[in-house]
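Hints are included, so try docking the two chains, each in its own frame, into the full complex.
As given, the protein sequences belong to chains A and B, one line each in that order.
The working numbering puts the first residue of the first sequence at 58, with every later residue one more than the last.
The working numbering puts the first residue of the second sequence at 516, with every later residue one more than the last.
Worth flagging that the hints you see were computed from the coordinates, not collected in a lab.
Careful, some of the hints might be misleading.
Once the Cα atoms are required to be at most 25 angstroms apart in a straight line, the calculated BS3-like pairs of lysine-lysine come out as [what the hints assert, rightly or not]:
hint, chain 1, residue 1, chain 2, residue 2
1, A, Lys97, B, Lys694
2, B, Lys592, A, Lys114
3, B, Lys585, A, Lys132
4, A, Lys114, B, Lys694
5, B, Lys566, A, Lys136
6, A, Lys132, B, Lys563
7, A, Lys130, B, Lys551
8, B, Lys583, A, Lys104
9, A, Lys121, B, Lys566
10, A, Lys136, B, Lys694
11, B, Lys563, A, Lys141
12, B, Lys566, A, Lys130
Pairwise CB distance ranges, derived in the manner of DEER restraints [said to hold, decoys possible]:
hint, chain 1, residue 1, chain 2, residue 2, range
13, A, Ile94, B, Glu636, 37 to 47 angstroms
14, B, Ser572, A, Lys136, 47 to 57 angstroms
15, B, Ser703, A, Lys121, 22 to 32 angstroms
16, A, Asn90, B, Ser572, 40 to 50 angstroms
17, B, Phe559, A, Leu84, 44 to 54 angstroms
18, B, Thr525, A, Cys126, 36 to 46 angstroms
19, B, Asn612, A, Lys118, 31 to 41 angstroms
Bear in mind the structure is a predicted one, so any value in this text is a computation, not a measurement.
For each residue, glycine too, the CB sits at the ideal point set by N, CA and C.
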Amino acid sequence: MFKSFRITCNEATTICDKNQYGEATLLEKLKLNMHFIRCKICFSYTKQNMTLTKIYKGHAKSCKDIKHCMPPKDKELLKEELSKFNV
Amino acid sequence: MTQEKVVLNTNKWIDNYADYMYNYAIVRVNDSDLAKDLVQDTFFAGLKSAKNFQGKSTERTWLVSILKRKIIDYYRKINSKKGKAEVRMNFYEDGENEGNWLEERVPQSWNNASEKAIENEELKTQLESCIDALPEKYGMVFRMKTIQEFETEEICKELDITSSNLWVIIHRARTQLRKCMEDNWFNS
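With the rest of the complex left out, here is chain B (with noise of 0.2 angstroms):
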């Protein structure tokens, strides 16, 4: 029995599937531009490797196989960053006291909290600009959990890391936001 030769539609891939693979990449990675790249990364690899799909699955979702290893270069990339990337740490990290809030990052009581909290453009913009300061792993991480509220189990997957990895990026994202949103909303 012959294989029947299995042929995708290059020419169409813009037109059918550019939106909605561009929109998969900017709600994780949040920039445009970054999220332009990897489409575009993606439409050239699988234009080379075109030859490799035996059509088990649709166009568009072998296309999303690609974008999704495309995004956890990506986010390797950014794990490896030093430096600038690096979190003030919240917490004592050996001695007696190891494990325990250091002094200068106890959390402060609040002004007015539950009036600070109500919704409004001001807050969405302060809170999209302490996100935006985490370094940029966290911010990946905390966006994909908790603003496009994906599964643990899904965004583990996608990153390739653990469970127990993702709660301590969650947990360094959320100290961080805390104090910016603290100094810079609650307390301004």
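Looking at chain A on its own, in the form it has when it is part of the complex (with noise of 0.2 angstroms):
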């Protein structure tokens, strides 16, 4: 019965991966717990990705509030170009 939940260290990594955005199943779950009983390598990996993840949050937010706004020559040119075609 165990021989199914058994995963490779490629596998767990994914499953460790989509966890990180709450997205992991709870089958997946219970296969990355089990795959940690034997794999250290993974479990080490698993505690880098979640100091990772906290970065990558961080840098998220200062991101997210930036509005981008098309420089205004651009516009102007662009205003141009779309003048003739309009001709």
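Structural data, given as structure tokens:
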């Protein structure tokens, strides 16, 4: 029965990444935890991944507040181009 | 009953929608020149097909739907690029060790991880440079999911990919980013 719970490190780290966004299923989390029993490398990857997630979230927060506007001179150029098309 | 003809106000497009569409494009492609090109192409495509506009949605929604198509086309283009964009694998691809860590890619322990994780400008710069080093399509999906925090379903719909495809891309992007941050930040 437990054989079906056996996953590779590639699969384990994929689940771990998915879990960083809270989107791993219960079965996937179970498989991941069973994998940790025999794989310290993936366990360490997961711990590091959590640190990185914290960093990414901090970066996301500062990026999301930025509203990008098209530079005025590019708008003028675009207006010229479009007016040629309209003629 | 005769159908009323809907007229587009094309002269006002730039003033009314250029900023919104530029912002929409840049958060997805993270390149200002490319975002400008996509917006320009969208306006041209809009003008070409103006006669098809039926007024069922607003002008902006209609233009954004064209822009979305342009972004999918761009994603498909970068998705088909080979060679330089290929990522170094982290796991054995076949044999009895298939799916296990390649020895040279095994995560190393980090020096002073908690201290190094404190947010500062230098960290942001390093992180941005690591994200920029990702193959374009990985960077695009990673930014949409992690930095812009879009829903999985939304990204899949916008880029016309499956969710399993998305998770494979996220996984590859994150393992490559982890290695980059390990080499250039945590253990530098």
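Each hint, compared with the structure:
| no. | hint | in the structure |
| --- | --- | --- |
| 1 | A:Lys97 - B:Lys694 | holds (18 angstroms) |
| 2 | B:Lys592 - A:Lys114 | violated (29 angstroms) |
| 3 | B:Lys585 - A:Lys132 | holds (19 angstroms) |
| 4 | A:Lys114 - B:Lys694 | holds (18 angstroms) |
| 5 | B:Lys566 - A:Lys136 | holds (20 angstroms) |
| 6 | A:Lys132 - B:Lys563 | holds (20 angstroms) |
| 7 | A:Lys130 - B:Lys551 | holds (12 angstroms) |
| 8 | B:Lys583 - A:Lys104 | violated (37 angstroms) |
| 9 | A:Lys121 - B:Lys566 | violated (36 angstroms) |
| 10 | A:Lys136 - B:Lys694 | violated (45 angstroms) |
| 11 | B:Lys563 - A:Lys141 | holds (13 angstroms) |
| 12 | B:Lys566 - A:Lys130 | violated (29 angstroms) |
| 13 | A:Ile94 - B:Glu636: 37 to 47 angstroms | holds (41 angstroms) |
| 14 | B:Ser572 - A:Lys136: 47 to 57 angstroms | violated (24 angstroms) |
| 15 | B:Ser703 - A:Lys121: 22 to 32 angstroms | holds (28 angstroms) |
| 16 | A:Asn90 - B:Ser572: 40 to 50 angstroms | holds (47 angstroms) |
| 17 | B:Phe559 - A:Leu84: 44 to 54 angstroms | holds (49 angstroms) |
| 18 | B:Thr525 - A:Cys126: 36 to 46 angstroms | violated (21 angstroms) |
| 19 | B:Asn612 - A:Lys118: 31 to 41 angstroms | holds (40 angstroms) |
Hint violations for this structure: numbers 2, 8, 9, 10, 12, 14 and 18, all remaining hints satisfied.
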